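Visitor: Listed below, chain by chain, are the residues.
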Amino acid sequence: MTSVTAAPRGVDADPEVDEKTEAPPSRSGNPWGYILRKIGLFLLTLWAAVTVNFILPRLMPGTPADAALARLAQNGPVSEATKAAIEAQLGVPTGNLFEQYIQYLGQVVTLNFGVSYTFYPQTVSELVSTALPYTLVLVGLVTIIAFILGTLLGVLAAWKRGTWLDTLPTVGGAFMSAFPYFWTALLLLFFAGYVWRLFPTSGAYGPTATPAFTWDFFVDALYHAILPAVTILITSLGGWILGMRNTMIPTLGDDYVAFAEANGLKPRTVALRYAARNAILPNLTSFGLALGGVVGGSILVEQVFGYPGVGYLLFNAVTNQDYPLMQALFLMITLSVLVANFIVDILYGVLDPRTRR
Amino acid sequence: MTTLLDVTSVTIDYINGDDVTHAVRDVSFSLEKGEFVGLVGESGSGKSTLGFAIAGLSKPPAHVTGGQVLLDGVDIASLSPEQLREQRHGGVAMVLQSGMNALNPVRTIRNHFRDIFEAHGHIEKDRWDARAAELVQKVKLPATVLDRYPGELSGGMRQRISIALALSLEPKLMVFDEPTTALDVLVQHAVMDTIIELQQSEGFTALLISHDLGVVLESAQRVLVMHDGEIVEDAPAQSILNSPQDDYTRMLLSHYADPRADVVELPGFEDRGKRAGKPRAEGAVHPPSVHGRERRSDQKPIVVENLTKVYPPPRRGEAEVVAVDHVSFTLDPGESLALVGASGSGKSTIAKLITAVEKPTSGSIRFGDLDVGSLRRGQFRRLHSEVQMVFQDPYAALNPLHTVEYTLTRPVVNFTKLRGRDARRRVLELLETVGLTPVEEFAAKLPHQLSGGQRQRVVIARALASDPQVIIADEPVSMLDVSLRAGVLALLEDLREQWGVSMLYITHDLLSARIVTDNIMVLNQGRVVERGDTADVLRNPQDDYTVQLLDSVPNPRRSRVA
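Protein sequences, first through last, are from chains A and B.
Quick note on the UniProt record's numbering: the first sequence kicks off at 1 and runs consecutively.
Quick note on the UniProt record's numbering: the second sequence kicks off at 1 and runs consecutively.
So here's chain A without its partners, still in its complex pose:
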């Protein structure tokens, strides 16, 4: 989890009196202790998440085979042969819970999540590894771009407070982010895709292209990604602008900013190194949340634009009760949240010396 450790309150015992004797030893010199602690925490939460992912489905009564048989039984009696076939296909748990857990851990480590029911006979690993790059590149990259762009605009808005450079991004951003995502998406699809035929309306690449690391495929994929990317950018940019502007304005009133001005530092230095550098810290937490939501939160984008990413896969897995696929995807979503938080924790450590203790 992203944790911002506030500087510990002086427990009424600052060694103020003998202050002139010696500077206290630096506590920010060695970053490795901090990084190792964060890695340890990451591994621990990862293990917990993997274990919960194992336990949850087992709390449901019956096995997948039982569920499939029950569905079949509604249409008439099920023969022993059919039953044996389904059980062979879906598998029946053997051994006690602990043995199953060990077996499961082994499979997770080797990325063996079994075979998908919906896309039989493709394995879950194959499906996920094809879909993941599309989602990561589209949603992940756009989230990062939106964060950087929005933060810069927010800095500018706060610095030029009260001018049109403030009003335009602030009001515009609030206006655009008030649109529901799907509505913006449909509007863009209708005009840019259908009426003006500027962009394709679905898919990650054209019907004639084959996924490969070639320039032609890259251009084609980029072309297909523009509409969904623009939609995400439009709806999320406003939040970053407002967030940064609102943390930057109080920071501009802080004493170190006033002192920097009193010392005659260049306005650019004051705005970026003093104000923005500190104002960005609280926004990193929301950035972490947004990054963590990339994999799990892409369902709507990918559904509207028929984009074959993880969200699309998850939607299919849920509607078709594809347990192996679902379980792998849930693990992916958890993992992406953990990784995003880990990245933000490390970022905090780099950007804020006070967290490195």
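Keep in mind that the hints were calculated from the coordinates and are not lab data.
It cannot be assumed that every hint is accurate.
Now the in silico label distances, taken between C-beta atoms and shown as ranges [as the list claims (entries may be wrong)]:
1) B:H448 x A:L152: 35 to 43 angstroms
2) B:R424 x A:P250: 33 to 41 angstroms
3) A:G33 x B:A319: 17 to 25 angstroms
4) A:A174 x B:V310: 50 to 58 angstroms
5) A:P267 x B:T65: 22 to 30 angstroms
Fair warning: this is a prediction, and the values are worked out from it, not measured in the lab.
Even for Gly, the Cβ is constructed at its ideal location relative to N, Cα and C.
Dock chain B against chain A, hints included.
Guide: For chain B alone, kept in the frame of chain A given last:
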């Protein structure tokens, strides 16, 4: 001597839409080169506003609406923003009030110096580090602090760094805006010494802005006294002290006394020795409620034995902190006991332990049959109806969203059986007790509509709501202007004399301790180093630490400059 700064008829207004407040009115004065001048005034007098205007740092809503500020013959209002920025090297430098927060928490000290050198280019790049080391040595810090982040340094060290940074601009004029106010007493004294030494060795002109006439008279050659936006007196320090002309100056001076003197008197307070058991004033406060009077008969002492509080290490790899170390004392009914010491001496921790905010590591606190240390959550009501706290910062101790009446009704309803109209009557009675009249009017006010002194009275009224036997006052007047302090102290004294409330008075201010307490305990690093009758201990201190504390009391009658 030549004139460095010439301020003529300067008027500064705070403009919020149509709402105009005159913060500084038609002020004129000048500073000669190499002078050390003090600018004294209470909060709201406009002294900081004036200081910012001189440094060319006025920001909306403050607007300089009249007059001019000439620095070396140049009108600073005529400079473009870029020229103003450039003149900060070799012009006016400013050290801010909260210098401890004036450093960027994510940049090392070295980078702070580099930013300034880079902005003005007055030091060769290969000399940057050497110059920075030289500057921190001037403020008596080791060069090793350069690689620290501000959060790793103490408040006093940070204030020294910001003085060094201002010094790196090679200024002609240094404006110090309350440079030591936020610091601990002992550190305050040391930092002031450094400022005085630097002014003499570096030869800059200094303007010291302070609310504390004592601090200013100790260091400045000439003093400007500011009141309500006007300079009411401008005279050499000696004549301010010996023959003050203005009533306001005289009033400020009357609130200073040497806690070591044989007879210590402040406005409204006769010397405790002379009073000898006679009340300070007759019938000054409203009598306690019937309920309260009934309980006076069975008052109990607070008995503290071998109290120890150890906090876990503040940071990884450090030793644990012994905040309170085997302290024993008894607070008898109706007694007033002072607990004095610098910050970090453990005095506030003792307050937290007695009010059961914290649990003692070992030792015991007994109040009648209550064992305070072993109280569990949910058992605090009995303790808190008898022992109440008055906090240091009246600005933070009141919820800004609630009216005074609401704030006072809560404890009345929580601790007494009064409800509805009776509770309201009790609230108004409390307001009358603390002297906030007309009571109806004050009951309806919100905290931001009150002055600091009025807020502190509300805080005291809140503490009185449960008719407590003991009041723990943690630096109750340190955030208030001098002229308001005496009133609040008098109120506490009257409550003790007429209601029989005993008081644990926690402070670093030995003068106020001398005025309102019978007995004193001096704490140093959690241990009691000296105790006894307040007047005896202060007149004839035995421990070095007590002497240090006494020496750090600003004293107008002792000049530190030759």
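Visitor: Between A:A174 and B:V310, does the C-beta distance stay in 50 to 58 angstroms?
Guide: 52 angstroms, holds
Visitor: With respect to the beta-carbon atoms only, verify the hint that B:H448 and A:L152 lie 35 to 43 angstroms apart.
Guide: Between B:H448 and A:L152, where Cβ atoms are some 36 angstroms apart, the hint holds.
Visitor: Between A:G33 and B:A319, is the Cβ distance one that fits in 17 to 25 angstroms?
Guide: 18 angstroms, holds
Visitor: Between B:R424 and A:P250, does the C-beta distance stay in 33 to 41 angstroms?
Guide: Holds: the Cβ-Cβ distance is about 39 angstroms, inside 33 to 41 angstroms.
Visitor: At the C-beta level, are A:P267 and B:T65 separated by a distance inside 22 to 30 angstroms?
Guide: 25 angstroms, holds
When the structure is compared with the earlier hints, no violation turns up for any of them.
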